[in-house]
Amino acid sequence: MLYPKRSSIKKIFLIQNVEASMYKNSLKKCLIGMALIITSVGSYASSIEGYWKSIDDRTGEQLSIVEIRKGTDGYYHGKIVYRYPNAHGIKLANCVKCPEPYTNHPILGLEILSKLKDNPENPDAYIDGRIMEPTSGRIYKGKALVTSDGKRLRMRGYMGISALGRTVVWLRTDHANP
1 MLYPKRSSIK
11 KIFLIQNVEA
21 SMYKNSLKKC
31 LIGMALIITS
41 VGSYASSIEG
51 YWKSIDDRTG
61 EQLSIVEIRK
71 GTDGYYHGKI
81 VYRYPNAHGI
91 KLANCVKCPE
101 PYTNHPILGL
111 EILSKLKDNP
121 ENPDAYIDGR
131 IMEPTSGRIY
141 KGKALVTSDG
151 KRLRMRGYMG
161 ISALGRTVVW
171 LRTDHANP
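Counting in the UniProt record's numbering, the sequence shown runs from 1 upward without gaps.
Hints in this document: simulated from the structure, not taken from any laboratory. In this text, all values refer to a predicted model and were calculated from it rather than measured experimentally. C-beta atoms are modelled at their ideal positions from N, C-alpha and C, and glycine is treated no differently. Any given hint could turn out to be false.
Stated by the list, open to error - Mimicking DSBU-like on lysine-lysine, the simulated pairs with C-alpha atoms at most 35 Å apart in a straight line are:
no.: 1; residue 1: Lys117; residue 2: Lys79
no.: 2; residue 1: Lys79; residue 2: Lys151
no.: 3; residue 1: Lys79; residue 2: Lys91
no.: 4; residue 1: Lys70; residue 2: Lys53
no.: 5; residue 1: Lys141; residue 2: Lys151
no.: 6; residue 1: Lys141; residue 2: Lys115
no.: 7; residue 1: Lys97; residue 2: Lys151
no.: 8; residue 1: Lys70; residue 2: Lys151
no.: 9; residue 1: Lys115; residue 2: Lys79
no.: 10; residue 1: Lys97; residue 2: Lys115
Said to hold, decoys possible - Derived Cβ-Cβ restraints for the label pairs, each shown as a range:
no.: 11; residue 1: Ala87; residue 2: Glu121; range: 35 to 43 Å
no.: 12; residue 1: Thr173; residue 2: Ser136; range: 36 to 44 Å
no.: 13; residue 1: Asn122; residue 2: Asn94; range: 21 to 29 Å
no.: 14; residue 1: Gly160; residue 2: Ala87; range: 27 to 35 Å
no.: 15; residue 1: Lys151; residue 2: Asp56; range: 16 to 24 Å
no.: 16; residue 1: Thr167; residue 2: Gly50; range: 16 to 24 Å
no.: 17; residue 1: Gly160; residue 2: Val81; range: 26 to 34 Å
no.: 18; residue 1: Asn86; residue 2: Gly109; range: 31 to 39 Å
no.: 19; residue 1: Thr135; residue 2: Leu164; range: 16 to 24 Å
no.: 20; residue 1: Tyr158; residue 2: Lys97; range: 15 to 23 Å
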């Protein structure tokens, strides 16, 4: 009977071990790459930048679409890029009740969110901003929190302390127009 030489068997096992090791390394690299992609998508989802549909928390009516961007000053600012008509079909054109210097300015393009900054303790939270309500003209201190799925923005406006405020939920949208 013919048997393979001992040295041939060692070479076969060595080749198989090298191939298995290469396969494991490739698999590890692939898994690490996938993990990086997944975490980067998750961090994008929590960004406050983009378009948000504001909803009246009392009536459920769509109010406007607000574009939030980070300014050159390092703060986040939001301006109205679309205004929905109210229940009577009327679109508020100018900010009649707004304080100076916003009095009678057009609603479209009006900056209603300013000086919002990243919260160093929570990457999904934003603090120390100012929020203006165009229908009443009131300006509130503000903070915001993007939900973990990145589809909702919990905007809290308050005077004095946060406990004496009101929270509204804005919905992420992909477009400046409905």
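Consistency of the hints with the structure:
Between the alpha carbons of Lys117 and Lys79 the distance comes to roughly 16 Å, so the proposed pair stays at or under 35 Å and holds. Distance restraint check for Lys79 and Lys151: the Cα-Cα separation of roughly 19 Å lies within the 35 Å cut-off, and the hinted pair is therefore satisfied. Proximity of Lys79 to Lys91 is assessed by CA-CA distance (about 16 Å); at most 35 Å being required, the pair is judged to hold. Taking the CA atoms of Lys70 and Lys53, the gap is near 18 Å; set against the 35 Å cutoff, the hint holds.
Between the alpha carbons of Lys141 and Lys151 the distance comes to roughly 23 Å, so the proposed pair stays at or under 35 Å and holds. Between Lys141 and Lys115 the alpha-carbon distance is near 10 Å, which keeps this suggested pair within the 35 Å criterion. For the given pair, Lys97 sits about 31 Å from Lys151 by alpha-carbon distance, which is consistent with the 35 Å threshold. For a cut-off of 35 Å, the pair hint linking Lys70 to Lys151 stands: about 18 Å separates their Cα positions.
Distance check on the hinted pair: Lys115 and Lys79 sit about 12 Å apart at the alpha-carbon level, within 35 Å; holds. Simply put, Lys97 and Lys115 have alpha-carbon atoms about 22 Å apart, close enough for the 35 Å limit, and the pair holds. The supplied range of 35 to 43 Å is met by Ala87 and Glu121, whose beta-carbon atoms lie about 40 Å from each other. Under the hint 36 to 44 Å, the C-beta atoms of Thr173 and Ser136, about 24 Å apart, miss the expected range.
With their beta carbons about 37 Å apart, Asn122 and Asn94 fall outside the hinted range of 21 to 29 Å. In this structure the supplied range 27 to 35 Å holds for Gly160 paired with Ala87, their Cβ-Cβ distance being about 32 Å. One distance hint, 16 to 24 Å for the beta-carbon pair Lys151 and Asp56, holds here, with the actual separation near 19 Å. Remark: the range hint 16 to 24 Å for Thr167 to Gly50 is upheld by a beta-carbon distance near 20 Å.
Range check, Gly160 to Val81: about 31 Å between beta-carbon atoms, so the 26 to 34 Å window is met. Checking the proposed 31 to 39 Å range against Asn86 and Gly109 shows it is violated: the Cβ atoms sit about 19 Å from each other. In this structure the supplied range 16 to 24 Å holds for Thr135 paired with Leu164, their Cβ-Cβ distance being about 20 Å. Hint check: Tyr158 to Lys97, Cβ distance near 19 Å, so the stated range 15 to 23 Å holds.
Checked against the numbered hints above, the structure breaks hints 12, 13 and 18 and satisfies the rest.
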